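Given the coordinates of chain A, work out where chain B should sit on it, guided by the hints.
Protein chains: 2
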Amino acid sequence: MATEIRSKLLKMFTEAQGGFLSGQKISEELGCSRTAVWKHIEELRNAGYELEAIRRKGYRITKIPNRISSNEISLGLKTEALGRRIHFEESVTSTQKIAHQLAYDGALEGTLIVAEEQTAGRGRLNRAWHSPMYTGVWMSLILRPNLPPAKAPQLTLLTAVAIAQAIEEVTSLRTDIKWPNDILINKKKTVGILTEMQAEADKINSVIIGMGINVNQELEHFPEELHSIATSLAIELGKPINRAELIQMILLKFENLYHSYLEHGFYPIKLLWESYAISIGKKIIARTITGTLEGTAKGITEDGVLMLEDDKGHISYIHSADIEIGKD
Amino acid sequence: MATEIRSKLLKMFTEAQGGFLSGQKISEELGCSRTAVWKHIEELRNAGYELEAIRRKGYRITKIPNRISSNEISLGLKTEALGRRIHFEESVTSTQKIAHQLAYDGALEGTLIVAEEQTAGRGRLNRAWHSPMYTGVWMSLILRPNLPPAKAPQLTLLTAVAIAQAIEEVTSLRTDIKWPNDILINKKKTVGILTEMQAEADKINSVIIGMGINVNQELEHFPEELHSIATSLAIELGKPINRAELIQMILLKFENLYHSYLEHGFYPIKLLWESYAISIGKKIIARTITGTLEGTAKGITEDGVLMLEDDKGHISYIHSADIEIGKD
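Line by line, the protein sequences give chains A and B. Quick note, the first sequence lines up with residues 1 to 328 if you use my numbering. Quick note, the second sequence lines up with residues 1 to 328 if you use my numbering.
Excised from the complex, chain A in its bound form:
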């Protein structure tokens, strides 16, 4: 829906103070057909509004979606640098795209881009990430660590630990990390992480960490094909979560881990990561660009690289793959 029409429509409902607005009146004020009015109402519903429709009376809003604001995230935020500058948007193509532009133009470390909706959210290898309005945490964090590009994968693992810790703190739900960049609850995907960077050949200029967290979706918010493999915190917990509070907690956990990482290196992060890792010791199938490997996941190296042992005891080092965890 064009943002302008949505604003007009919401303004009319606000002025009606919970009362009904007739389709006729909406159609006149927006200057569109009755069919178009019906379409706009449906789009409001998709955006998380609940509306009652009664014949001859019209429509009224019965529930406003749980929105967040830049202020809500800032108020009570306990970090030093992360999230101290927030770019908040109602709807974007992808928060990564905006973050890339801001980073290129010199945005400071800790700059956070948050959107209520992504119309073209992306995960690893340019895969689509479903990011409907008012339901999830769709955000990108800009970091400027003084590191060579080869270290960037470690930040994916660090991010996974930060989000796992924050989810546990806010919801008490137990999460599993699936190497390299997914967080699962009850074996269903709840969080995706996309670590990207802008770098010179030998020096990182900026790391842009995209986080997609399914928070308040109900099952019907997910496309049919995801029902068996994806979930949200609200589905698992049985009640909605305050998204601003979750964002604050992620930023705080992240900052603590990040300071530790910059000071002491990857080893402490590795230990924490292993405590959440679901695949270690299990039979897995790893699909890489060059082929498919099967074996037992032995753990990760000091650099965050996955070690896979085959039947003959030969170890492969895997930098990048999709992992499928065996049944046993």
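Heads up, simulated DSS-like pairs for lysine-lysine below, C-alpha to C-alpha not over 30 Å straight-line:
(1) K203/A with K188/B
(2) K151/A with K189/A
(3) K151/A with K298/B
(4) K151/A with K270/B
(5) K97/A with K203/B
(6) K189/B with K203/A
(7) K203/B with K203/A
(8) K203/B with K270/A
(9) K203/A with K97/B
(10) K151/B with K178/A
(11) K97/B with K97/A
(12) K151/B with K97/A
(13) K283/A with K203/B
(14) K187/B with K203/A
(15) K203/A with K151/B
(16) K203/B with K187/A
Partial list, computed: chain B residues near chain A (C-beta under 7 Å):
(17) Y104
(18) M197
(19) H319
Because the hints were derived from the structure by calculation, they are not lab data. Everything numeric in this text was worked out from a predicted model, so none of it was measured. Note that CB positions come from ideal geometry on N, CA and C, so glycine has one too.
Then chain B, alone, in the frame of chain A:
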């Protein structure tokens, strides 16, 4: 100068067909003061135009700068993919910035961004690169190799070889490569290379190779402080060079080396690179982010990393530094 005023002024001179235009007439047609007219004429001179000024007659253009066009680069280009799509601009902040945006939006491998002038050209570590109008080759090439980020420095060395080969082919001038990203002629800097990338943690999305080549500058085009350390091909050769032809040759040499690299790895590039390397076997000082090292440059590793041997025979591996070559 505002592009609009420049166009108006050039149009007036074109209509005068080599004849004089009085300052009065220019001032009237542009709607500006006589002082402003004088300023605009000076700016044309800085942009490579030569103008004669005669009291009571006014100004006339005696020489139009040697410009290039997208067509000139395309006509006779012998490559398969590199330079097959050209974004040509009269003036940009930096070709790297435009290339970053195009790359993020999906520009194909081989897309080339060329500008006649950069107002904010950059080199390694965000240093300024002086890129005056109509004099040099200021361009950025987008590549999409299927490589891990750690391999990106090898592309800097490959680029240096391609440019050195092309300069030799077009001018017969002998060039020296100074690790990692400079090309010198008679010990003066003639070419700078900036390799940047957009990458996921474990996979390059795009490599953006910026090339700045001093081609047709006269000594007075360089800022005073660069006179003793920079030069141009025209200064060294004693006559101007056809820039479009040079660009074509660079793209052709680049494509050959790039295919060889993707097929056979870095080793063949390493051998070629060493044949141009000025620092190997010499005493050097290497200034890195963490400190300064002195010793003898022993060569580069299979990965393109510089090996420095100190007095005691200890070898340091240097991924990134500014190199100063000793006198002996």
